[in-house]
Amino acid sequence: MWVLRRIGVALVLVWIVASVVFLAIRLVPGDPAEIMLSQGGVSPDAAVVAELRDQLGLDRSIWDQYRANFQGLLSGDLGVSLTDQASVSGQVFARLPRTLELIAVAALVSVLTGIPLGLLAALRRGGWFDRLAMGLAGLSLSVPVFVVGTLLVLVFAQWLALLPAGGFTPFRTDPTRHVAQVLMPAITIASSLAPVLFGMTRAAVIDVITRDHVRTARAKGVAPAGVVLRHVLRNALIPVVTVLALHLGTLLGGTVLVEYVFNYPGLSGLLVDAVNARDYPMVQGVVLVISVLFVALNLTMDLVYGVLDPRVRRA
Amino acid sequence: MRRINPIPLAAVGIIALLALLVPYLGLPDPVRIDVPNRLAGPSWQHLLGQDEVGRDILSRLLWGARSSLTVALLSATIACVIGTALGVMGGFLGGVVDLLTIRAADIVLCFPPLLLALLVVTLLGPGAATLIPVLALVYLPGFVRVAYAGVLSVRHQEYVEAQRALGVGKLRIMLRTVLPNIGGPVLVQFSLAMASAVVLESGLSFLGLGVVPPSPSWGLMIGAARSTMAQTPLPLLWPCLALTLTVLSMNALCDAVRAAVDPHGVPPRQRRWLLPALLPGLPFRAGASLAVRDLTVAIDTPAGAVRPVRSVSWSVAPGETLAIVGESGSGKSLTGLAVLGLLPLVARPEEGAVLFGERELLRMDEAALRRLRGAELAMIFQDPMSSLNPVHRIGTQIVEAIRAHRPLSRRSAWQEAVALLARVGIPDAARRARSFPHELSGGMRQRAMIAMAIANRPTLLIADEPTTALDVTIQAQVLELLAELKAENGMGLVFITHALPVVAEIADRVVVMYAGEVVEHGPVAEIFTRPLHPYTAALLRSAPPEDGSLPQAIPGTVPLPQHLPAGCAFAPRCVSRRDACEAAPPPLEQAAPGHDTRCIRWREWQRLPVTQGAEA
Ligand code: SF4
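Protein sequences, first through last, are from chains A and B.
Residue numbers are given in UniProt numbering: position 124 of the first sequence equals residue 124, and the series is strictly consecutive.
Residue numbers are given in UniProt numbering: position 285 of the second sequence equals residue 285, and the series is strictly consecutive.
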């Protein structure tokens with residue numbers, strides 16, 4: 001039952017986000033068509049503006065536009081780009097998998113480093129390892145991603161010439177190069193995600209370890225490894241997963257900087273270009289797809305949460 | 001609120017001061033181009049060198065700090081003022097306002113922050129003037145949330161309700177009581193927003209969507225220096241360093257503010273084991289299954305060690321039940337935990353010995369002790385809800401206890417777990433084994449705990465308030481169950497409780513503890529008919545009498561171990577106190593064979609008629 005309700009809430013959220021994106025563009029003071037076409041203060045040609053108004057249907061009532069907009073959305077049509085008349089959905093779905101791959105690799109790296117190190121630091125709380133790891137996490141969290149990325153390029157691509165400075169090669173064309181090109185941007189993203197997971201794991205473990213049920217496990221004579229894995233880490237993962245979900249969601253739109261630094265043709269790069277070109281349909285399409293993914297991700301995480309914490313399932 | 005750690009505060013202060021004073025430092029013009037000297041190294045005129053068009057790097061760095069901090073400060077302030085106002089209004093006025101502000105904030109929070117910023121930049125065009133409202137919008141929902149939560153938490157507190165009853169206007173209440181109360185969390189949120197705004201501003205500028213060239217900005221500087229970084233890395237490294245140091249000190253300041261606003265206890269120390277020391281020469285009762293001798297438990301605090309358990313001795317024979325009674329704070333639970341080596345991290349056994357058969361538990365290494373725990377020596381805890389792991393099935397948790405000590409297959413251990421659940425009186429045990437703890441009733445959970453404890457047929461069971469959370473009927477059933485199990489296995493039982501009526505039913509001998517010490521120790525019949533310590537007598541009178549008359553509560557509370565009276569610890573609450581009682585701590589004296597008391601007037605109580613006992 002709770003699954004159905006979560007799905008319902010998710011659908012409502014998507015609808016709200018789509019409406020907000022739609023309205024945001026229409027509610028800006030002034031004529032959207034004119035704003036879109038004015039570049040560098042030059043007033044656009046009236047005929048061109050009229051043509052664009054017609055193409056975007058801006059002369060119709062807002063309700064008509066809204067309906068047309070949603071009919072388009074439901075049939076998977078996100079409109080066409082203003083710059084090159086390409087289909088927005090085509091562009092978006094060509095680039096989406098690349099961004100998702102980047103996020104997935106970054107998440108994997110972060111989970112594999114942040115969680116074990118957080119557990120270890122918590123178990124050695126106050127010791128030298130804990131202090132060292134806390135210091136590194138704090139530092140890593142303070143260096144903005146585009147600085148990390150730029151420095152990685154400087155060191156590994158320019159000075160050491162170990163990895164390509166950026167770009168993208170399809171896996172089928174050249175698997176090795178594909179991996180080499182995904183590696184640095186993914187690590188850059190992980191440099192901000194891993195410390196978050198580290199801190200959350202550490203805090204959650206420190207919290208869980210003092211709970212009564214851990215004492216019960218020890219009273220049963222369970223071996224230390226079993227106590228730590230089945231009773232401490234297992235319960236500590238619940239808040240960690242929540243934080244992971246939140247941050248993965250933020251990453252959906254937040255890889256902009258990393259993609260830019262590594263010249264990686266992902267979804268965010270598309271967005272930046274569209275923003276620069278004031279290509280409204282494209283911006284609208286990208287934002288919408290990202291928001292849908294964001295909501296879908298939260299839904300998935302709710303479901304994972306239900307598996308991790310049986311108490312949630314009752315609600 | 002505690003003091004804010006001065007180091008990050010000073011660091012942020014220095015950066016802010018530099019940003020404030022740049023125009024007066026006599027630095028070269030940050031936008032003056034000097035192409036012939038592009039990428040020149042450090043010189044006297046240009047301390048950090050010149051950038052790709054010959055502008056002075058140091059000057060641009062400091063002017064960059066100025067623009068970055070201005071944007072961050074303005075946007076965070078706007079977000080703070082508007083967001084807090086909206087949150088307070090939503091929380092306080094409720095209804096439609098609540099709906100509009102909070103739901104709107106939730107929707108904005110659905111957008112990733114950078115995405116939101118990009119969207120707004122699309123609409124308004126790039127530039128520093130756009131940047132401030134954009135960032136303000138990004139941080140607004142955070143303030144709304146924090147303020148709203150703060151208001152909800154104080155709204156129903158008594159003083160606010162009282163003011164409302166007195167007819168104080170809503171606005172006045174908001175300004176006078178609510179705002180100061182949510183100040184802490186809002187301050188934390190503000191410092192977070194500032195730090196994050198610096199990062200976001202530099203990121204947007206790096207993309208060319210923030211501060212517009214040629215105005216100096218760290219993000220722009222990093223972006224521009226990228227093209228030449230292979231030849232001259234310094235113009236790239238300086239702004240990277242400046243940005244990192246600024247964010248680092250701002251983050252540290254956030255942590256410091258948070259720590260000051262929301263202090264979470266002192267971190268515990270991590271020593272657990274007694275250094276192996278010579279065992280004291282111990283006479284102990286022949287045939288005892290478990291004997292505790294002169295056990296002292298210490299907790300290290302910043303003000304020195306306190307001792308919540310002092311020199312406690314008792315023993316249990318096989319098949320015998322020893323009850324340890326006392327109010328909360330008497331040290332009875334800590335004694336039980338010390339025996340199994342399960343003391344909380346802050347506490348450690350300081351002196352004494354615990355003999356289990358031939359073995360001394362306090363000095364045993366953890367691995368050996370672990371093999372005893374849950375096997376020969378088991379424990380049941382007070383609150384079965386928190387003592388069971390909420391994320392594992394009941395059966396799994398029992399299987400774990402079985403398999404920790406016996407090499408059974410998962411399948412046969414599961415069958416045994418089901419049999420155990422049936423044994424402790426859980427109907428439909430095969431199905432219940434698959435339940436999670438929250439799906440069972442309190443009584444069921446306690447039975448499951450007991451099943452877990454007896455899974456490996458212990459020779460000694462320590463039960464810490466096993467019936468406290470249960471209603472009277474269930475309580476009686478659990479006691480009966482314990483008695484049956486004892487009879488079946490001949491196990492010894494240590495029953496820790498504050499409820500004397502339960503003791504009368506189940507115990508053979510009783511230890512009465514007060515403020516960390518044994519104050520009386522004797523056979524159950526004698527304790528109940530002729531208590532030789534006023535505390536025992538007071539406890540007896542505080543139990544609900546069977547004839548329905550009112551129980552007499554003991555006035556006052558147990559003294560904390562760091563504030564013990566000089567003489568008899570019970571003296572401040574004792575109705576039979578004499579001056580002599582407060583002169584020196586009374587010793588534990590033997591009044592009769594097997595009956596000890598820690599009251600200097602015990603001879604007088606002994607002469608009183610039966611059923612009256614001490615100071616009737
Ligand atoms: S020693 Fe004195 S104060 Fe203490 S319990 Fe006995 S009579 Fe009361």
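It is possible that some hints are incorrect.
[To be verified] Short derived list, chain A residues pointing at chain B, Cβ under 8 Å:
#1 V143
#2 P144
#3 A161
#4 R215
#5 K220
#6 G254
#7 Y260
#8 I290
It is worth saying that the hints were derived from the structure and are not from the lab.
Where a beta carbon is used, it is the ideal one built from N, C-alpha and C, also for glycine.
Should the hint that V143 (chain A) touches chain B count as held when the rule is a Cβ pair under 8 Å?
At about 5 Å, which falls below the 8 Å cut-off, the nearest Cβ of chain B leaves the hint on V143 (chain A) intact, so it holds.
Hey, does the I290 (chain A) contact hint survive, CB to chain B under 8 Å?
At about 6 Å, which falls below the 8 Å cut-off, the nearest Cβ of chain B leaves the hint on I290 (chain A) intact, so it holds.
Go through the hint on G254 (chain A) and say holds or violated, using the shortest Cβ distance to chain B against 8 Å.
holds, 5 Å
Per the CB criterion, is A161 (chain A) less than 8 Å away from chain B?
Cβ of A161 (chain A) sits 10 Å from chain B, so the hint is violated.
Holds or violated: is the Cβ of R215 (chain A) closer than 8 Å to a Cβ in chain B?
Holds - the Cβ of R215 (chain A) comes within 8 Å of chain B, reaching about 6 Å at its closest.
Holds or violated: is the Cβ of Y260 (chain A) closer than 8 Å to a Cβ in chain B?
Since the shortest Cβ distance to chain B is 6 Å, the answer is holds.
Hinted contact P144 (chain A) with chain B - closest CB pair below 8 Å:
OK, holds: P144 (chain A) within 8 Å of chain B, min 5 Å.
May I ask you to test the interface hint for K220 (chain A) with respect to chain B, counting a Cβ-Cβ separation under 8 Å as satisfied?
At 4 Å from the nearest chain B Cβ, K220 (chain A) passes the 8 Å test, so the hint holds.
This entry does not satisfy hint 3, going by the numbered hints stated previously; all others are met.
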